[in-house]
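Peer 1: Now for the letters of each chain:
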Amino acid sequence: MDEILLQVLNGLDKGGAYALIALGLTLTFGTLGVVNFAHGALFMLGAFCAVSVQQVLTISERVKDESITFFDAYKEVPYLEIWWGDFGSMIIDYSVPISIFVSIPIMLLIGVAIERGLIKHFYKRTHAEQILVTFGLAIVIQEIVKGFFGANPIPTPAPDIVSGSAPVGMWLGLSENLVYPYWRLIYLMFAGVIIFGVFAFLRFTTFGMVVRAGMADRETVGLLGINVQRRFTIVFGLAAVVAGLAGVMYTPILPPDYHIGMDFLVLSFVVVVVGGMGSLEGAVLAGFLLGILQSFASMNEVKQIIPGIDQIIIYLVAVIVLLVRPRGLLGREGVMED
Amino acid sequence: MMKGLFKSNMAIMIVFTAVVLTAPIWLAPIGASYPDLLQKFAIFGVFAIGFNILFGLTGYLSFGHAAFLGIGSYTAVWSFKLLSMNVLPAIIFAVIVAGVFSLIIGFISLRRSGIYFSILTLAFAQMSYSLAYSVLTPITNGETGLQLTLKDPRVIDGMVGIPVTDSLPSTNFFGIAMSGYEGFYFCAVFLIIAFYVSLKIFRSPYGMKLRAIKSNQTRMKYTGFNTRPYLLSAFVISGMFAGLAGSLMAVTDPLAGAERMQWTASGEVVLMTILGGMGTLIGPLLGVGIIKYFENIFSALNDAALHEIYNFLPLGLENVMVAVSSPFVGDGWHLTLGALFMIVVIFLPGGIMEGFSKLSRVFGKSGHEATEDVVSESSSKTEGEK
Chain A
1 MDEILLQVLN GLDKGGAYAL IALGLTLTFG TLGVVNFAHG ALFMLGAFCA VSVQQVLTIS
61 ERVKDESITF FDAYKEVPYL EIWWGDFGSM IIDYSVPISI FVSIPIMLLI GVAIERGLIK
121 HFYKRTHAEQ ILVTFGLAIV IQEIVKGFFG ANPIPTPAPD IVSGSAPVGM WLGLSENLVY
181 PYWRLIYLMF AGVIIFGVFA FLRFTTFGMV VRAGMADRET VGLLGINVQR RFTIVFGLAA
241 VVAGLAGVMY TPILPPDYHI GMDFLVLSFV VVVVGGMGSL EGAVLAGFLL GILQSFASMN
301 EVKQIIPGID QIIIYLVAVI VLLVRPRGLL GREGVMED
Chain B
1 MMKGLFKSNM AIMIVFTAVV LTAPIWLAPI GASYPDLLQK FAIFGVFAIG FNILFGLTGY
61 LSFGHAAFLG IGSYTAVWSF KLLSMNVLPA IIFAVIVAGV FSLIIGFISL RRSGIYFSIL
121 TLAFAQMSYS LAYSVLTPIT NGETGLQLTL KDPRVIDGMV GIPVTDSLPS TNFFGIAMSG
181 YEGFYFCAVF LIIAFYVSLK IFRSPYGMKL RAIKSNQTRM KYTGFNTRPY LLSAFVISGM
241 FAGLAGSLMA VTDPLAGAER MQWTASGEVV LMTILGGMGT LIGPLLGVGI IKYFENIFSA
301 LNDAALHEIY NFLPLGLENV MVAVSSPFVG DGWHLTLGAL FMIVVIFLPG GIMEGFSKLS
361 RVFGKSGHEA TEDVVSESSS KTEGEK
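Residue numbers (my numbering), protein chains in the order written: chain A, 1 to 338; chain B, 1 to 386.
In case anyone wonders, no lab produced these hints; they're calculated from the structure.
Treat the hints loosely; a few may be bogus.
[As the list claims (entries may be wrong)] Here are the computed lysine-lysine pairs in the DSBU-like style, where the Cα-Cα straight-line distance is at most 30 Å:
#1 A/K124 with B/K358
#2 B/K209 with A/K124
#3 B/K7 with B/K151
#4 B/K292 with B/K358
#5 A/K146 with B/K292
#6 A/K124 with B/K7
#7 B/K221 with A/K124
[Stated by the list, open to error] Incomplete in silico selection of chain A near chain B, CB under 7 Å:
#8 E3
#9 G164
#10 P255
#11 V273
#12 P307
#13 L322
Ideal Cβ positions, reconstructed from N, Cα and C, are used throughout, including at glycine.
With the hints as extra help, turn the sequences into a complete structure.
Peer 2: Here is the structure:
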């Protein structure tokens with residue numbers, strides 16, 4: 001029982017990341033009809049927002065280390081600690097949560113810039129060309145980040161207060177051995193909040209209503225005198241923000257390097273297709289489902305029966321789903337069939 | 001006169017053969033004339049030509065062709081280990097095994113079209129890659145990659161009486177060692193054969209049917225035409241070409257690693273085909289040439305080399321130019337590649353070949369038109385679509 005619950009939890013946080021990226025991908029696809037291969041790069045940019053916030057906060061001055069008296073030793077002390085003492089070190093400690101607020105405007109700006117500057121010209125082109133140009137863009141973004149931050153993963157720790165593990169088993173009245181890192185729990189909740197927020201935004205606001213109407217029948221909405229295009233641009237920015245936030249929050253779990261986006265992108269595309277192209281609910285469902293399946297497949301007991309299953313489970317499920325249910329789990333009929 | 005010349009297959013093949021075989025000479029001025037790079041041109045040329053038969057003609061974008069490349073490499077190395085260091089059985093087995101795999105994968109993947117087909121092929125390739133890294137280690141030797149050892153049986157070599165030596169034997173074609181220029185010419189022969197096959201397919205009714213599938217598959221089906229066998233055969237042919245390319249890689253350098261099967265490797269051949277011009281005969285080869293040239297030459301440049309290149313400029317300007325160009329060379333050559341790629345897709349969706357035909361239209365020389373007619377076989381198709 002404990003084991004199963006632990007695997008479900010393990011799957012949920014990875015699934016949360018898949019679901020967030022896939023949600024953004026589906027938003028882009030459903031509104032603009034563009035297959036965006038640069039979406040993984042947006043996830044990566046979000047992660048590097050967190051890295052740069054951390055680096056800015058820890059800009060340091062070299063001062064003499066008084067505790068060592070045998071020889072002249074120096075240590076790096078961040079300016080924030082020099083100016084504000086303990087409050088300064090607390091700010092540094094909380095760099096990841098702070099970067100959430102920093103990354104939202106940045107990602108929105110980047111998203112809108114990409115849409116206006118590049119994607120706009122590709123509405124009428126074929127899907128293959130959209131894939132190729134965004135793939136090129138992803139390479140460029142990736143290389144620029146590599147140029148600035150180097151090729152090595154950069155550790156970005158979570159605040160100290162949530163660094164340990166949560167006794168989930170005790171909370172639920174199960175065994176005490178069932179513990180789970182706090183940050184992953186937070187990530188899970190965060191993913192839930194974002195997903196809920198996006199759905200609520202689309203369902204309960206006028207803006208969301210227009211966007212949904214535009215997704216269903218763009219021409220008619222346009223004929224009613226509504227500027228659908230402008231709203232879709234904002235939706236693209238929103239998708240970029242969602243991907244970016246997923247990236248910011250993922251940094252304490254996995255130190256980001258420049259190709260983290262590509263690694264997630266391939267899986268997220270599989271997630272989108274399994275969920276059904278153009279279906280937001282499908283993307284979220286498939287994201288969590290595949291995350292959980294993957295974590296169950298990496299249990300030792302399962303691996304003993306079918307060796308190597310943990311490596312291929314997602315792709316295997318994708319193949320089966322596509323062959324049995326060509327439109328994915330919750331996909332609508334006739335999307336991208338040609 | 002030019003018009004008549006390029007209408008015949010014979011003439012094209014003679015020109016192509018001459019160009020390929022003299023490559024070491026005319027590539028010398030741009031510093032691309034060393035065997036290692038020439039071999040890569042030829043091998044990836046075979047790969048891209050094969051990929052173009054599927055993608056260029058039928059429009060089915062496979063994101064998993066690197067799997068067949070990897071399978072070809074593994075088969076060839078196993079042939080070196082078990083049978084003989086002669087390259088002939090290695091190549092034959094590699095093509096057959098890659099063909100069988102592409103038959104299975106193609107049969108399943110071609111049940112869907114569009115992006116679903118791309119994802120299915122991607123899924124199969126990623127599965128092969130992950131399995132090669134983990135569970136199939138006894139066959140693939142995992143992360144280290146499959147290599148030759150002194151203990152390998154090499155049954156046929158033993159029977160023919162080739163003496164066992166203390167050092168690792170090198171691959172050979174009936175005694176000719178497959179390294180340096182010999183290796184290039186061996187690959188070049190296969191490149192020429194591959195080009196001939198692709199030329200024949202492009203100009204046959206079979207190729208016409210593949211193009212018809214690309215332009216409107218539904219209509220083909222309504223006329224009572226079963227497209228599946230044609231798509232599957234095109235898939236298998238291109239898979240076998242990939243297997244051939246993989247075995248040639250093993251021929252010039254007898255080891256095989258799983259990273260050859262990763263999806264980025266599949267992406268690379270897509271880039272090459274698009275960059276040169278999909279659906280054209282020469283396009284994929286141009287794409288291969290440019291990408292491999294950038295990879296080898298640009299990635300080797302460093303700041304010192306740049307200073308030498310801009311030597312003729314005044315010192316201040318020289319430093320500026322070096323500072324501007326240095327992010328694009330050396331480790332950053334991927335940046336150049338990505339940018340170049342975006343520019344091509346944005347401005348020249350038909351690749352470099354479209355650029356050529358646009359240029360020749362501007363100059364309006366009849367001779368140029370004739371060449372364009374040969375090299376961009378897709379021109380008639382695009383006009384048909386309009």
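Peer 1: Next, verify each hint and record whether it holds.
Peer 2: We went through each hint and held it up to the structure:
1. A/K124 with B/K358: With Cα atoms ~21 Å apart, A/K124 and B/K358 stay inside 30 Å; holds.
2. B/K209 with A/K124: Since the Cα atoms of B/K209 and A/K124 sit roughly 26 Å apart, the hinted pair holds (cutoff 30 Å).
3. B/K7 with B/K151: Violated, because 54 Å separates the two Cα atoms, which is more than 30 Å.
4. B/K292 with B/K358: holds (25 Å)
5. A/K146 with B/K292: Holds, because 22 Å separates the two Cα atoms, which is no more than 30 Å.
6. A/K124 with B/K7: violated (35 Å)
7. B/K221 with A/K124: Between B/K221 and A/K124 the Cα gap is close to 26 Å, so the pair holds against 30 Å.
8. E3: Violated, about 22 Å.
9. G164: violated (32 Å)
10. P255: Check failed: Cβ of A/P255 comes no nearer than 20 Å to chain B, outside 7 Å.
11. V273: holds (5 Å)
12. P307: holds (5 Å)
13. L322: holds (6 Å)
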